[in-house]
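Letter by letter, the chains look like this.
Protein chains: 2
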Amino acid sequence: MDTNVKVLFEPYGRMVEAKISSTLLDVAQKNGIGIRSECGGKQVCGKCRVIVNDQAGLNHITDREKPVLAEDEIANGYRLACEARLTSGSDKVTVMVPVESRLRPRRFTEWGEERRVRPEPIVKKYPVTVTRPSLEDRMSDVERLLDALQREQGLVDLTVDLQIVRELPNTLHSSDTITATIWDESEIISVEAGNTSDKLFGLAIDIGTSKITCSLVNLGNGEAIRSVSMENPQIAYGEDVISRIAFSQERAGNRRVLQESVIGGINVLVGQLCSEMRIRTGNIYEAVLVGNTAMHHLLLGLEPKYLARSPFTPVSRSLVDVKARDLGIEINSCGHVLFLPIIDGFVGADAVADILSAGIYRSGGPALLLDIGTNTEVILRHGGRIICCSCASGPAFEGVHIEHGMKAVDGAIESIRIDKETHDVEFKVLGEGKPVGLCGSAIIDAVAQLLRVGIIDSIGKFNAGIKTPRLREAGKNKEFVITWSEEAGIDSDITISERDINEVLLAKAAIYSAGAVLMKKMGVGKEELRKVLIAGAFGSHVDKRNAKTIGLIPDIDDGRISFLGNAALAGAKMALSSRSMRRRAEDIPSKVEYVELAISEDFRREFTNALWLPNRNPGSFPNATR
Amino acid sequence: MDTNVKVLFEPYGRMVEAKISSTLLDVAQKNGIGIRSECGGKQVCGKCRVIVNDQAGLNHITDREKPVLAEDEIANGYRLACEARLTSGSDKVTVMVPVESRLRPRRFTEWGEERRVRPEPIVKKYPVTVTRPSLEDRMSDVERLLDALQREQGLVDLTVDLQIVRELPNTLHSSDTITATIWDESEIISVEAGNTSDKLFGLAIDIGTSKITCSLVNLGNGEAIRSVSMENPQIAYGEDVISRIAFSQERAGNRRVLQESVIGGINVLVGQLCSEMRIRTGNIYEAVLVGNTAMHHLLLGLEPKYLARSPFTPVSRSLVDVKARDLGIEINSCGHVLFLPIIDGFVGADAVADILSAGIYRSGGPALLLDIGTNTEVILRHGGRIICCSCASGPAFEGVHIEHGMKAVDGAIESIRIDKETHDVEFKVLGEGKPVGLCGSAIIDAVAQLLRVGIIDSIGKFNAGIKTPRLREAGKNKEFVITWSEEAGIDSDITISERDINEVLLAKAAIYSAGAVLMKKMGVGKEELRKVLIAGAFGSHVDKRNAKTIGLIPDIDDGRISFLGNAALAGAKMALSSRSMRRRAEDIPSKVEYVELAISEDFRREFTNALWLPNRNPGSFPNATR
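Protein chains in written order, with numbering that gives the first Met the number 0: chain P, 0 to 625; chain C, 0 to 625.
I should point out that these hints are in silico values taken from the structure, not numbers from a laboratory.
Cβ coordinates follow ideal geometry from the N, Cα and C atoms, glycine included.
Treat the hints with caution; some may be incorrect.
[Said to hold, decoys possible] Facing chain P, according to a computed beta carbon distance under 10 Å, are these residues of chain C, among others:
id	residue
1	M138
2	S139
3	R225
4	M229
5	F311
[Unchecked claim] Chain P regions said to be covered by chain C (calculated; three or more residues, Cβ under 8 Å):
id	stretch
6	161-170
7	302-311
I would like the entire structure built from these sequences, with the hints used as guidance.
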């Protein structure tokens, strides 16, 4: 019977319709509700436990669930989502997904402010009816297919991937209606029996130095379905790009190791997306990748050695278009993988995607874009010109090299307020549960608040005159307690130290001074800036005032400051969904001038000033510390 | 010193010039004189022994030769060709290559009558000087390469294989002069340090049902350097195409087994050519393949099932162009492998190549082309039309299914004369030594002579009235002794039996009647035929009169009959060496009409008549038995 039941997933407040006899895991996965299921629905791992208080609309607890669930869990309504099935016993079931069963949310990182673009995908599907051969009609299978596509769809001059040709006769014999998937109106990359027009997916993938994020997109309507991310497995071979390049030179084969490790990571994410969304990898026909130049070279297997040596020349700059099977990316093996073009040795396809998603390739008022990460890309548009540079800002704002730093995932403190009188600390934690560390936005808050209440001075040193139990010596270091261990989800206090603050100063000084150099080069004063656009993994929760207080971004009105989230991923999605956006992306490198900071006197001077809080040049931050 | 010495290789009568201090093996290999060398010149295998009576022009016998050669051999002038070096002691050295040291000659099979074409290769080499990058000149390596090719060679709009891009920086850093290999004026498929313009090779490969032949061609001047051949390793899975197709259906993976087996065979031949001619596989940039439709499908991995089922539809007809690495053919991995287009399910790329090398795509008088093999392709040109068909003729003329049949290699009897009075047999043997069997041309001779002297009648039965010890019963069979065991290199007599003769009749009837059907279809009488062109592995030594006597070919003047040898291989070489010939080959299938014999009443009638010697319709062979 095809009767539907309503299922409400909490705490998401998401109401969906589902068929009777579906498992709750099925329903969740079909609707983008992430539930852990490490055994793949085999009733073994017990990770998919959910709570259903009123079980009138479910089957009785089964013999497979009993060994996995504790007695008190069963009493409290716990079920395994892979074994609990909808029945006709109720027309509505409310399912609570407890924290431990949720696929780990990666806040902000999957979020990117792409501009809406008209879907205009490069890959399209065409269902056609192919005639059968006879002794009189001697067309080959390929001719027969091309003939149908021309007659019914008006398509001409198509080529066919040899791998498709190999299996074509069996497909044609199994069904009169077949669906051809065509890439760029020129190449047949898949032929499937029946009408499969609704199964047309693509991937936008951001290869960060620290993290890979992969977004599944329905190419039919251009909508992103779900994004997942993981640590870049290359981290095992070096935290920053320079150490990975060094590793690649240690012995023959290491370059391959780095390539396979990042591609292996992508394949894990693809597998996760496909199993969660119940789609076949063969129905993903294209992937658009972005990343910095080193990630570009390492993923494509290009010799990266000279990226680390002056004059830092990249091997290749233009868009790379290669068959998925040739890279080993596990989507449809005839599908295409595109790596967007790069700008220079230190400004990669991520910057191209930033420019695309922020729309700053178009004419408009002066705009400054900062894509903050382990490397920060800085882009300035003014009067029809776009210039860019890159600086090594370090991973402080991603929580790395900060003693209690962490990424913006559940358990991270995301914002902090320090009381001026009592020095008490208020904080907000991502997700539910006790805090375990500080993510980027909290680190900015902490430094800004410590400065504002006078606990640190303008060079980031603690003020010995302040008396509070939160301020204390720790060996040769000094630290301030954000969260006492009683309130924390870890065994120690959560603190921020002078050494941590120094890391922040180095990072923010690099980022600020890179922007200042570009502004000086084009003669743009901060008051002229119409927009300051900030991309990066700390996302929309950054306090603008605090970011100005520490001198990370120019001291301008909040209204002119926007956070874009993962702008590179957003740009990749746009290039995936729209042919004209892709052409635009191909065009961007030739429109952008690269500025080499390594040989810039201005950069050194600006950097030295920017090591102060907010800046040694007080005129540039008149309102910052108010 | 660069003084040259003359070296005469016997029994070939080939005089060449060589440098002092070269080994005889080097000199032989450089000049296409096949000498066995299984250890690759390491003085171990002893296969390369040659006889030099006057050793004044050679070094003394060395300590490495002594353990390998017997004392009496040394006394008789034997040397190892890999260790014997030219000295200034004489200005001429005569070298006898004994039978046992010769690379097995494959007579006729490597010979093909290609028309001379102007070399116009698709693959060309361009040496250029690439500038070095600097902080001011920020072109990527790829841009730098493209810039040099445009400035120095006027080449524009080139793409670069990603595999080349991967190693490009290392090549560019190792040498200012580099050589780019460019395919079809559009794609860079190799970048080598230094000027390597003289190392530019290609392969023409004929994939026969029974045999693979591979010809190495210097693409610089279009000259064939050397050809080698081997049994098609797919024979292990079935002797004819139908049994191989059946094998491919037995279980999943068998199609792959067949594909890998033929590609493995090709790679053995490529390895042999490269080691003999001392070239690197990486310097072979293109291969052009021909073969019948089943060989085409099996090599490319296309589903062959429907080739064996009415209406016998091929999967694909047009030229296939694929990277060598994607097929696993071990030439330069970025090189291209082309399979020439096919005409129909039973008329393949070999027929296209036949038409190309025989020149019958051009207008001209009526011409009939027979490519005789296990399958025989028959092509008729008349009045601007070309029609073709194919018949299963069986491998009798390749010596298979004939008790004492063998291929045209050393030891095969190649021609026979039977005395009308005494019934004594004169014969000629290929190579030196005693006969071991009968090759195709001898089989034709035997049947024709037996008919002419009255030992067999017009339906191929022995005449019981003839009294000669050579004619005898053998079980239920009757046989005629060609060679008594005393004269033979085997322990038994070499005979031809009634059953053998019946195989010949079936084969020749199929071939003749296929031609007759086409002639009738176009209204061409034999007296109008300007040319009868015969391709196939039995080659130039076929006695034209005897071929007419058995009714294999139409009874016309000898002057209008030509033997082309391996015409398919010759056509592949033409398409390899010349861009316009390749275009012509691509065009041929659309110009040729396929005639299906399976539904032809005429064929059945002609076939029945042709089972007689020369034919039941005596008017068609007025001169044959004279």
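List in ascending order the numbers of the hints, as given earlier, that are violated by the structure. Hints 3 and 4 not satisfied by this model.
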